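Visitor: Each chain, letter by letter, is given below.
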Amino acid sequence: MPQETTPDAMEQRYAQRLKRYVAAMRNEKPDMVPIRPFVAEFTAKYAGYTSQEVSYDYEKAFAAARKCAADFDWDAVVGNMVYGWMALVKAIGLKYYAVPGIEIPADAAFQYLEPPEDDAWMRADEYDQLIEDPTGYLFNVWLPRVSTDVAAPGQPNTFRNNMSFVKGGMAMLGYFMGFGRQAELLRKESGTVSAISGILKAPFDIIADKLRGYKGLCMDMYRQPKKVLAACEALMPHLTHVALSGADPAKNVPIGLWMHRGCVPFLSPPQFEKFYWPTLKQIIETLWSKGHQTLFYAEGEWNPNLKYIAQLPDLSIVYHVDRGDIFEVHKAVGHKFCLSGGIPNDLLAFGKPDEVRACCKKVIDGVARDGGYVMDASAIMQDDTSAENLRAMTEATREYGVY
Amino acid sequence: MADEKQQEKRPPGSCVPWEEKRKEFPQIAGDEELVKRQWEEIDALGYVYIWQILLSF
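Read top to bottom, the protein sequences are chains H and R. The numbers in the first sequence follow our numbering, run straight up by one, and end at 409. The numbers in the second sequence follow our numbering, run straight up by one, and end at 58.
This is chain R alone, in the form it adopts within the complex (with noise of 0.2 Å):
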């Protein structure tokens, strides 16, 4: 999985970025920015989830 081998920094609010994310689409037939918007804004609650783990847990 991309997951385990992905040993780059996460950037803060990020579990996995989303120019990793995007080398597993071909193509991106619409709104490419859409696309990335929508998965930072989830990618970012996995983000939160640890993190705040970590804080107030």
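Only chain H is shown next, with the shape it has when bound in the complex (with noise of 0.2 Å):
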């Protein structure tokens, strides 16, 4: 049956999507399973846009999003989880992107590049810089070293230079304040929520990804532990500044955090014990503390490290279960967190629909029967996603997952 569309059906809507989503990630038991998935290129293709255009373009990337928002019956999604604007990285001349129709298909989704072990974004005797003073370091070295038009302090200036700041500046303005307008057009068009504000990353992480690369920083945790432990630590009040900057004011939606190499294989439990958590674990226990839940996104298979996970505050995190076993995630830790995920992106991007509501089933009868879980597939959703199999687990999560 049609849904009304009138300004105040949506903001009902709204409202009540809202709670819903809400008290599931409180671990309550809402009126029905939120669904909340995290569907990046597949807006693309579902709404005729190459990857190209949407990476390029965040306004066909925002106009995507609304318009799976609208087409499926869904309670929450990121404004733009194609995210990474390519046209502001190649105004700046960031180097670390291989960009759609630059570089790569324009059907393809953006790759970052990993440094190369010898030539790294950050290189090994930087350490003491680095923790002396991130931001400094991060302007003066980092920013040159990875950008083609940034010079660094004491090089001759050039006119590319100074526009890279200015166009960079005003140009993230202007797509940050364009997520303002998303949520506000979510609401109104289709009583959608914007399901996170704000980003978080582990201070490990942005070593790994920016800073050293995987390989380089692999080497330091043996050649100089101690000089990786004080750049988490250094890191950490700046990362945690800029989570609650981003953060819901309001404190319904939590801030996203994207973890990338903090899992089996890239790390032993023993390293992740070491140098992962004891920072990251701190910077969530402060965000808690001042009442805002962390969406941790556990890219990959975390199940080896849930002793750890399972020590943060109850309530302060939404754990996203991507290739752990969820029903395993549910029994260590149902009790404290909520969950989401855990519905395979292979099987939604190469299964039927039969198997993927029978899926889907199974997931909410295994982890959702007491609330406290938010449908979602497994990972980011990228072009493979096939919308009949999206639009089963839609049908199937409003079928099973009333309360």
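Watch out, some of these pointers could steer you wrong.
[Stated by the list, open to error] Residues from chain H that keep clear of chain R, each with C-beta distances beyond 12 Å, as calculated:
| # | residue |
| --- | --- |
| 1 | 54 |
| 2 | 270 |
| 3 | 329 |
[What the hints assert, rightly or not] For lysine-lysine, the following DSS-like pairs were computed, each having C-alpha atoms within a straight-line distance of at most 25 Å:
| # | chain 1 | residue 1 | chain 2 | residue 2 |
| --- | --- | --- | --- | --- |
| 4 | R | 10 | H | 232 |
| 5 | H | 35 | H | 342 |
| 6 | R | 10 | H | 233 |
| 7 | H | 280 | H | 221 |
| 8 | H | 367 | H | 337 |
| 9 | H | 35 | H | 25 |
| 10 | H | 342 | H | 287 |
| 11 | H | 287 | R | 10 |
[Claimed, not checked] Rough simulated footprint, nothing fancy, chain R against chain H, three-plus residues with beta-carbon under 8 Å:
| # | stretch |
| --- | --- |
| 12 | 88 to 94 |
| 13 | 132 to 142 |
| 14 | 172 to 186 |
| 15 | 238 to 249 |
Just so you know, the hints here were simulated from the structure itself, not pulled from any lab data. Computed from a prediction, not measured in an experiment: that's the story for all the values here. Glycine included, every Cβ here is placed at the ideal spot set by N, Cα and C.
Fit the two chains together into the complex; they arrive one by one in their own frames, and the hints show the way.
Guide: Written out as structure tokens, the structure is:
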């Protein structure tokens, strides 16, 4: 039956969905299981755009996300899950991406380029500079190295250097303000909640992803472990500050934490315990002490680290399960945290709708009977996700997920 | 330039702390708190820029 689309009806639907989504994240039992799919390049395919179009033109990415939110019966979505705006990347000359339509085909998702071990963005002997003054290091050493346009202090200034800061700063402001408009449009057009607010990454991941590279950091864990730990400590207050500055003032939706290198096989559990966990744990505890949940996006296989994750305060995270066994996760920490995810991406890409429905029923029966579960795929959905299967996931959740 | 010589720790949210900038004004005839607050709010935009490049791009 067609749903009402008057402003009052949309506002009512928004309020109902927000209540449902927040209740589940607080590990309570809402009226039904909320659906919050992390749809990235899927939105482009569904809305008729190329990957290049949504990664290069964020208004198209916003429009695609809104179309999916309106056409599917979803409770919450991210305003733009493709997120990395490649036009800004090129405007300031960042070197660490392969951009759709430029370095890679227009229908491919953007790629992050791991730096060569002997030519990393941060050199092995630069830890002290980073530790002493993280912000100064990023501006004076790191940014000139990762950008084709930015000149390092002491080097001849250039027109392109000056322009990179003016263009980059103004463009970034425009993009981030666009998320506010997008949240309003999602609310008004389809009564959909913006799923997260703010960004967090683990200090260790920042060093791996953007500074030393994964291989370089692996060597550093053996050759200069104290420096690695000190660098994580130095980054911690800044990452906390950035997370809080973008957090939801109403404290309804969580801060997104995107984790990359903390899981097996990138780190062993003892390495995780020593290097990855102490500072990340402190950040999450600080955010929770100020009333903000963290969306703990555990990309990969995190079950070997469950005993550490269980140390976090009750309700402090929404634990998103990717390749870990979600039933094991529920048994270990389901009494402490809301879970999300657990529907395999390969099933959504290559399975049959009936198989998707059966999987959703199994997950709902296994982990959602007492509330505290948000339906989603295991990982962010790219363009291989089948719209038919995503519709089956949605319908199955509405059918089996009513309390 | 003061920025290049500045090796003090920059606290979260700040690129050039007010305490450092304040030294450049022999006197502030009016409301110093207003000048400080506006300096810090605009300075924070520089901080947002570099940390968001690191985190989001």
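Visitor: Hints first: check each against the structure and report whether it holds.
Guide: Structure-based check of each hint:
With a cut of 12 Å on Cβ distances, residue 54(H) stays outside the contact zone with chain R, its closest approach being about 26 Å. With a least beta-carbon separation of about 24 Å from chain R, residue 270(H) lies farther than 12 Å from that chain, consistent with its non-interface assignment. Residue-level check passed: residue 329(H) sits 24 Å from the nearest beta carbon of chain R, beyond 12 Å. Pair hint residue 10(R) plus residue 232(H) holds up; C-alpha atoms about 20 Å apart against a cutoff of 25 Å.
Annotation: proposed proximity of residue 35(H) to residue 342(H) holds, straight-line Cα distance about 14 Å (limit 25 Å). Of the supplied pair hints, the one linking residue 10(R) and residue 233(H) holds, its CA atoms being roughly 17 Å apart against a limit of 25 Å. Using a Cα cut-off of 25 Å, the hinted pair residue 280(H) and residue 221(H) holds, with the two alpha carbons roughly 18 Å apart. Under the criterion of a C-alpha separation no larger than 25 Å, the hint pairing residue 367(H) with residue 337(H) is consistent with the structure, at around 18 Å.
Between the alpha carbons of residue 35(H) and residue 25(H) the distance comes to roughly 11 Å, so the proposed pair stays at or under 25 Å and holds. Straight-line distance between C-alpha atoms of residue 342(H) and residue 287(H) comes to about 15 Å, which keeps the hinted pair within the 25 Å bound. The hinted pair formed by residue 287(H) and residue 10(R) meets the criterion: a straight-line CA distance of about 24 Å does not exceed 25 Å. Given as covered by chain R, the stretch 88 to 94 of chain H passes the check, having 4 residues with a CB less than 8 Å from a CB of that chain where 3 are the minimum.
Interface restraint, the stretch 132 to 142 of chain H with chain R: holds (5 residues with C-beta to C-beta distance below 8 Å; minimum three). For the stretch 172 to 186 of chain H, the stated coverage by chain R holds: 5 residues have a C-beta nearer than 8 Å to a C-beta of that chain, and at least 3 were required. Proximity of the stretch 238 to 249 of chain H to chain R, defined as three or more residues with a beta carbon under 8 Å from a beta carbon of that chain, is established by the 6 residues found.
Violated hints for the displayed structure: none, as all numbered hints are satisfied.
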